[in-house]
Each structure stands twice: as structure tokens, then as C-alpha cells.
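These protein sequences, in sequence, are chains E and Z.
FYI, in the numbering used here the residues of the first sequence are 1 to 411.
FYI, in the numbering used here the residues of the second sequence are 1 to 411.
Hints were generated in silico from the structure; no laboratory data involved.
Hints may contain errors.
Note: identical chains are not told apart, hence a pair may lie in one copy or across any two.
[Unchecked claim] Calculated lysine-lysine pairs in the DSBU-like style (CA-CA distance at most 30 Å, straight line):
id : residue 1 : residue 2
1  : 149       : 51
2  : 279       : 51
3  : 155       : 208
4  : 279       : 208
5  : 361       : 149
6  : 195       : 159
7  : 195       : 208
8  : 361       : 208
9  : 51        : 208
10 : 83        : 208
11 : 208       : 149
Being a predicted model, the structure only gives us computed values, none of them experimental.
Protein chains: 2
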Amino acid sequence: MAKQLSRRAFLTASTTTVAAGTLAACASEQPSRQPGPGTSISPIRVLHEEKVEFFGTHQAGVVTPAQANLNLIAFTVRAGVDKAGIRRLLRLWTADASRLCAGQTPLGDLEPELTDTPANLTITCGFGPRLFDIIGAQDQRPDWLAPIKQYSRDKLDPKWGEADLVVQLCCDDPLMLAHATRHMVRAGADYVATKWVQRGFLHAYGAKDEGQTPRNLFGQVDGTVNPRTPEEQLDQVWIDEGPDWARNGSCMVVRRIAMNLDTWEILDRESREVSMGRKLSNGAPLTGDEEFDQADFAKTDSFGLPVIDPMSHMARSHPPADHPEQRILRRAYNYDLPPEPGSEQLSNSGLVFICFQKNPKLQFEAIQQRLDEGDRLNQWITHIGSAVFFIPPGVQSESDYWGAELLGEHQ
Amino acid sequence: MAKQLSRRAFLTASTTTVAAGTLAACASEQPSRQPGPGTSISPIRVLHEEKVEFFGTHQAGVVTPAQANLNLIAFTVRAGVDKAGIRRLLRLWTADASRLCAGQTPLGDLEPELTDTPANLTITCGFGPRLFDIIGAQDQRPDWLAPIKQYSRDKLDPKWGEADLVVQLCCDDPLMLAHATRHMVRAGADYVATKWVQRGFLHAYGAKDEGQTPRNLFGQVDGTVNPRTPEEQLDQVWIDEGPDWARNGSCMVVRRIAMNLDTWEILDRESREVSMGRKLSNGAPLTGDEEFDQADFAKTDSFGLPVIDPMSHMARSHPPADHPEQRILRRAYNYDLPPEPGSEQLSNSGLVFICFQKNPKLQFEAIQQRLDEGDRLNQWITHIGSAVFFIPPGVQSESDYWGAELLGEHQ
Numbered sequence: 001m002a003k004q005l006s007r008r009a010f011l012t013a014s015t016t017t018v019a020a021g022t023l024a025a026c027a028s029e030q031p032s033r034q035p036g037p038g039t040s041i042s043p044i045r046v047l048h049e050e051k052v053e054f055f056g057t058h059q060a061g062v063v064t065p066a067q068a069n070l071n072l073i074a075f076t077v078r079a080g081v082d083k084a085g086i087r088r089l090l091r092l093w094t095a096d097a098s099r100l101c102a103g104q105t106p107l108g109d110l111e112p113e114l115t116d117t118p119a120n121l122t123i124t125c126g127f128g129p130r131l132f133d134i135i136g137a138q139d140q141r142p143d144w145l146a147p148i149k150q151y152s153r154d155k156l157d158p159k160w161g162e163a164d165l166v167v168q169l170c171c172d173d174p175l176m177l178a179h180a181t182r183h184m185v186r187a188g189a190d191y192v193a194t195k196w197v198q199r200g201f202l203h204a205y206g207a208k209d210e211g212q213t214p215r216n217l218f219g220q221v222d223g224t225v226n227p228r229t230p231e232e233q234l235d236q237v238w239i240d241e242g243p244d245w246a247r248n249g250s251c252m253v254v255r256r257i258a259m260n261l262d263t264w265e266i267l268d269r270e271s272r273e274v275s276m277g278r279k280l281s282n283g284a285p286l287t288g289d290e291e292f293d294q295a296d297f298a299k300t301d302s303f304g305l306p307v308i309d310p311m312s313h314m315a316r317s318h319p320p321a322d323h324p325e326q327r328i329l330r331r332a333y334n335y336d337l338p339p340e341p342g343s344e345q346l347s348n349s350g351l352v353f354i355c356f357q358k359n360p361k362l363q364f365e366a367i368q369q370r371l372d373e374g375d376r377l378n379q380w381i382t383h384i385g386s387a388v389f390f391i392p393p394g395v396q397s398e399s400d401y402w403g404a405e406l407l408g409e410h411q
Numbered sequence: 001m002a003k004q005l006s007r008r009a010f011l012t013a014s015t016t017t018v019a020a021g022t023l024a025a026c027a028s029e030q031p032s033r034q035p036g037p038g039t040s041i042s043p044i045r046v047l048h049e050e051k052v053e054f055f056g057t058h059q060a061g062v063v064t065p066a067q068a069n070l071n072l073i074a075f076t077v078r079a080g081v082d083k084a085g086i087r088r089l090l091r092l093w094t095a096d097a098s099r100l101c102a103g104q105t106p107l108g109d110l111e112p113e114l115t116d117t118p119a120n121l122t123i124t125c126g127f128g129p130r131l132f133d134i135i136g137a138q139d140q141r142p143d144w145l146a147p148i149k150q151y152s153r154d155k156l157d158p159k160w161g162e163a164d165l166v167v168q169l170c171c172d173d174p175l176m177l178a179h180a181t182r183h184m185v186r187a188g189a190d191y192v193a194t195k196w197v198q199r200g201f202l203h204a205y206g207a208k209d210e211g212q213t214p215r216n217l218f219g220q221v222d223g224t225v226n227p228r229t230p231e232e233q234l235d236q237v238w239i240d241e242g243p244d245w246a247r248n249g250s251c252m253v254v255r256r257i258a259m260n261l262d263t264w265e266i267l268d269r270e271s272r273e274v275s276m277g278r279k280l281s282n283g284a285p286l287t288g289d290e291e292f293d294q295a296d297f298a299k300t301d302s303f304g305l306p307v308i309d310p311m312s313h314m315a316r317s318h319p320p321a322d323h324p325e326q327r328i329l330r331r332a333y334n335y336d337l338p339p340e341p342g343s344e345q346l347s348n349s350g351l352v353f354i355c356f357q358k359n360p361k362l363q364f365e366a367i368q369q370r371l372d373e374g375d376r377l378n379q380w381i382t383h384i385g386s387a388v389f390f391i392p393p394g395v396q397s398e399s400d401y402w403g404a405e406l407l408g409e410h411q
């Protein structure tokens, strides 16, 4: 079967990342599997072997490539829970999360059959503004850990608003995700009540080439300009100044963005591309051919008009030359719910827009201010929820826990 | 790299089914990939190549192995839509479904990028009781196409009740599923309004060995006794008598079953297994070792008590010796929603229990009657929704459509 390896088969094998380095794949001559120009064959792996390391300098689930499914749960701390209670909660949650992400059964969970497929599960914890009051650390709260400023076009529903704690669970397996979510909610039940749950999805594991930028429900490639190298991530995402408890942490902004598919779908493809400034086919800027080509905002067409409309989403969100810090890590998921009873809409869809950055005042807010003032996409999208969380640094060992340096006995 | 093929590597390759028969996988020596006793290595395929054939004697999505994600949409026919309108709707829907399942863009859909990954998409259509009135075929309505009888323990919410039409979409990719669902809803919007949407999930594609029986959120292996051979399916699922328009069709019963995880999780594992009559580890009957071992209901323990509790779910649902027809094809999906606002429950979970059969009066109702009278599981589960649909036979060609023989001009 594998006596003759064609050059392509060899290339396929060499570009294939394999679970635990254990399987090598070899392609036989078959036109339908031949990678086209600019594409690569999908990695062939076995999902149930896949894990993301929980321990590290940074929390997982931030720069981790987005998994297929999201459960984002916001919590309100119950009355009477004090700093000692928060410490117990975070010790408990951290221990349980580390076990779940490793495919192990947390204490008190009698169902190893539901935890043996972590499928790239990540569990990421964040602290809302009021948590600093609860733990008596008002004076340590970062300036930026406050509600995002209100924009003229916002229609924020408080039911998707600020919360005391957030747990972001992302997983390539929906059953594992449901069980892990259930476990975390139950484990925390003495300390916190669920405020909201935002669920989302992207393509399934294996449905697209690895590393392919996800698409939203408007069909747009969404997240092309994300920081991909450790240097870019350090530059945009990870806090690298201030107190020790904040360093290597980040800031998560969650915006719930309703997308009106009913009116969007009336547009022809060209109008859709003009609104975005990018091609629908592969996300390339309208001045380029490939997704990662640099946009040429100065380029004009034969009428002397700019090829990329200055009011397009891409042009408006692009950082000005004198403000290169206006970049964020987008980690958005699609949501798609049944229309509300009585609604005339055919859909109730949009984005759970999650982004990470060092400082939302300098990053998300500056970008959003421009988009609020003018963005062709505004006709079809509405921000309906907003919350901000401090993401503490990663957990380094089993004796460590989320926020330990902020909450430690010695403080 | 593949010069030496170990025996295990060869076995791996030979048990691997590959998309379009194009890739062969060869395992290198690596202990962590060694299949344990009684297990086999998961099939290694590329999800975005996977399709399920739409055309055939029977509709797909019935005996098709359950995909990871479900959208089950029930519709009410709009006032004024008559038989000709239903015919137009079903022609349109059938054409669109056949294209979507093949990874092609249906007419009026401008987003080939959102339809190029069918990922085993199936779209299955069913007719509710009132559809026969709307098309003036009351006298042809099957006796069994009527609400399931009310059981003593039912707490049915009409919002999950009978409807005129149902479309079941199942897919291994959540984004493809969302787009296909959106397309079908929009395509039908002139004729029908959405009544309810039931979403569900199982393990992701690739997360478990192919053909492994799914688990529900109680951790139970669910669906062991399903008909697996064409003979069993013909016996239990496919209508093989009566008018031509019904033959090779089936009956879908949808029950929404709430499962109380909060009280279930108080039980120890032994109590959970006694309730079910099966082992949690692999679904084996408590009298056996492997999932598919025959249950021995006569076997007693050292105290002379039956090993399988006669009130266990398995014992109660097992067909009596004189009624072998009391079997159904279960194709249930888990649901897991945020708790309703104000609820003290930590979860809002259960099953979208879908089953297929020839005649629910003789099959589902007979089984459910026994379960309603006594089933240890009843303490933790509640039926909260019920609907019945006739599933017309498969579509044989592009000129054919769902229900054509029932709706044809000559009738």
C-alpha cells in the first residue's frame, strides 16, 4: 500500500501535524485530494486525542486557535461571599478546569465517560469590575476595568451586560463542552449565580484547513489581521507592565452584535464586498489577491475612486499610521438562535464578539469609536451587549490558582 | 517514513475508511495510539469531504448514523396556502435540500463559501396531521398521524407541540448547519412560519470511534438496541404496506424530554446503573460485559434478586416476547440550554428524543405506555413536548420532490 510514495504523498505527510506525533498520513494519487494553488491538505488528526495545555505563563483560550464551540458564562457573586469565599471558588474552579482540560475527572464528578475526550477544551477565567470591590481591592482595579463607553448606535440590553466573573469554555466537542460547562456551573454554585450564557460556534474540527480564518454568518472571513506571532501577541494582547498580578494577563471585551441576515441577504455580492472592503471568496482586500495581502488604501480605479471604500469596515477599523496600538485579538463566535416569539425576523443571529488586548481604552474603544461614527456595515449590525473582564495570568502549577497573586494571603 | 510497516500499522490502515477512498493512513510505532482490547482506531477522514447521498428509496437522516448537530424546525402553514402552494414549497425545498447536501449553492443563495462543506448534512422532511387537511387529503391521512396519547406523567408544553411540517437538518459542521437552516427557513417563508426550533448535539465527528453509540447528558449509552441491519430497519422503520405514496416512508415521533441533572447527579454510580439496567462504562447490560451482549432478565444475584431490576429503564422498554414489533429506531440528540430566568435549576437540559417507526400506535405508544406506568428513570425525566410526522419516501431524481406521489397532479 505504501511502497511507492509520490512526492505529493511525501509532502502531505510532512505538512501533517499529528496527534501526539503518532500517525503519519500518506496520500495516494487521487485528483480530488490534490491541494489547489495556495492551499494545503488539512491536518489529519484524531480529535479525541487533542488537548490544549492548561498550565502556562498565559491562560489558554486567548491566543489558542478558536475551537468549534463556545460557552461563555457570566456570573454574579452571591451576597455574603467575601474575599475568602472568592479564593475558595477560584481554587476549586482552577483545579477542576485543569483536570477537565486534561481529560481527567474533577473531584465530585462521577462520569469519567463524559470527560475522557477533552477535544482541545480550554477554560479561561476573567474578573469583572465589581470583583475588585468584593475582594477589597478597589484601589488596585485597573482604570480600564469599567463599562465600555456608550456609542451612539449601541442598543445595549442589560441582560448581556457587565458581570463579576466570566468563564469561557471552548471545545471542539459539543458533548464534552456541555459536561464541562455543567461541572463548572455546579462547582461554583455556592458562590455565584449564572447571569448570562452566550453560546457560539465556528466550523467543526476537520471541516477546514487548520489555521484557516473563520467566517461569520454574513459569509465574511473574520479575523485576518489578528496577531499571530508571539511578538505581535506580546505587543497587543498580554499586559507587560504594572503590578505582578496583572502581568501576563489580558483584557477581554465581549460585545454581542446582532446581524440582520434578512436585509444583508438582499445585497448582491459586490455590495457585500464593498461594505467589508474584502473579497468574500477568500477575505483578500479588494486591492489584493490573497487573504493576507496588504490592503492598498490609496489605490484608485479607472474613475479615480478608491478601490477600498474609505467607509468600508476594513478601512474604518484599520489603525491610523500614528496609532499602531489600535489592534486587538478577535476571537469571535457566531450565534444563531430561534427568532424571539412574535418576531417577524426569520433569524436571530450574530456574533459573540470576544476580543483580547492590553487596554481597551487604547485599543477596542478607539477602534469602535471610528466604527460607530461610520462603517458601511452599521446598516446591518447592532451592538446589543457589552462586558469587560480582566483575564489574570496563567496558572503555573497545581498549587497555583486563577488570580492567586491578587488574592494571596499576603496581600 | 513508511518503509517498514508494522503489523499494527497495517491493521490501522486496513480498518480506516477514507474520504472518497483517497487517503491511506499508516501508523508508526507509538504506544499511545495502540488500540486497547475491544477497541478500534477511529476512522481518519477529512470531514470537509464527507457527504451523505440525498437521493434514494428512503430519505436520508433516518437510518443515517447520527451527525454531531441537529436543527429540528417545525412549521405552521400560513393562512391561504393551498395544495398548489404546498406543492410549490415542497418542490423548492427538495431542490434546495438536494443541492445543500451535495455542497452546492441553491438558487438564490449567493454564498458558495458557506455551502462548500456539507459535512454529512442530511435534510429530512415530514408532514404533520393538518397538512393532509390543507391538501384536501383528509381521507388519506394515516390513522396514526395524530397526537400521541396523553400519559399520566406527561407535562406537555404546547410550544413544543404538533406542527404542519418538519424539517430535520443534521450535520457534523455547525456553521454549515446554520447556513442550511437559514436557507431552508428563508426559502419557505412565503408558505410557512416557524413554530419551534429544537437544537441538539452529540459528540463531534472524530471524537469517538465511528459507529459508537452516543451518550446522553446522564452519561448513559443511548441507542444500543437500534435496528442496524437493512432487514431490521425494514422490519421496524420503513412502511411497506398501504398506498404507494406511503411506502418506503416512515413515522417520526418527537418527544422533548427534560432531564434533571441536579437531582440525577446526587446518585452514586451504582444507583444510576440500576435505574438504567446497563453499565455506565460501556452500556453493557448489568448481566453482561459488552454493550451488545443480550440482557439476561432471569439472572439473579446471591440474594435471589434479579440482577437487572424489572423496573429499570431497559427492562421496561424491552419488547415482551409476544410483541416483538415494539421496537423503534432512536435518533435522540442532547439539548442544553441556559436555565430559564428566575429558575433555581442549575441546568435546562434533556433530550430531543426523535424516533422512527412504521406505526407509533404499535411501537412508540406501546413502549411509552409501559415506561409511563413504571420506569426508575421517571424520577429524573419529564416529557415536555410531543409531535408526530409522516416521513414521505425518498426522492429518486431531480424531477421528484418530497411527497410528490401524495401531491401529484393526477391525484
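Status of each hint after checking the structure:
1. With identical chains, the CA atoms of residue 149 and residue 51 are never at most 30 Å apart, being 38 Å at best within one copy and 47 Å at best between copies.
2. With identical chains, the CA atoms of residue 279 and residue 51 are at most 30 Å apart between copies only, with a shortest distance of 27 Å across copies and 34 Å within one.
3. Neither within a single protomer nor between protomers do residue 155 and residue 208 lie at most 30 Å apart by alpha-carbon distance, with minima of 34 Å and 43 Å respectively.
4. In this assembly of identical chains, the alpha carbons of residue 279 and residue 208 lie at most 30 Å apart only when taken from the same copy (18 Å versus 37 Å across copies).
5. Taking the shortest Cα distances, residue 361 and residue 149 sit within 30 Å of each other inside one copy (9 Å), while across copies they are farther apart (60 Å).
6. Taking the shortest Cα distances, residue 195 and residue 159 sit within 30 Å of each other both inside one copy (8 Å) and across copies (25 Å).
7. In this assembly of identical chains, the alpha carbons of residue 195 and residue 208 never lie at most 30 Å apart, being 34 Å within a copy and 33 Å across copies at closest.
8. In this assembly of identical chains, the alpha carbons of residue 361 and residue 208 never lie at most 30 Å apart, being 35 Å within a copy and 44 Å across copies at closest.
9. With identical chains, the CA atoms of residue 51 and residue 208 are at most 30 Å apart both within one copy (19 Å) and between copies (15 Å).
10. In this assembly of identical chains, residue 83 and residue 208 lie within 30 Å of each other by CA distance neither inside one copy nor across copies; the values are 45 Å within and 42 Å between.
11. For the homomeric pair residue 208 and residue 149, neither the shortest alpha-carbon distance inside one copy (37 Å) nor that between copies (46 Å) is at most 30 Å.
Hints 1, 3, 7, 8, 10 and 11, counting from the list given before, are not met by this structure.
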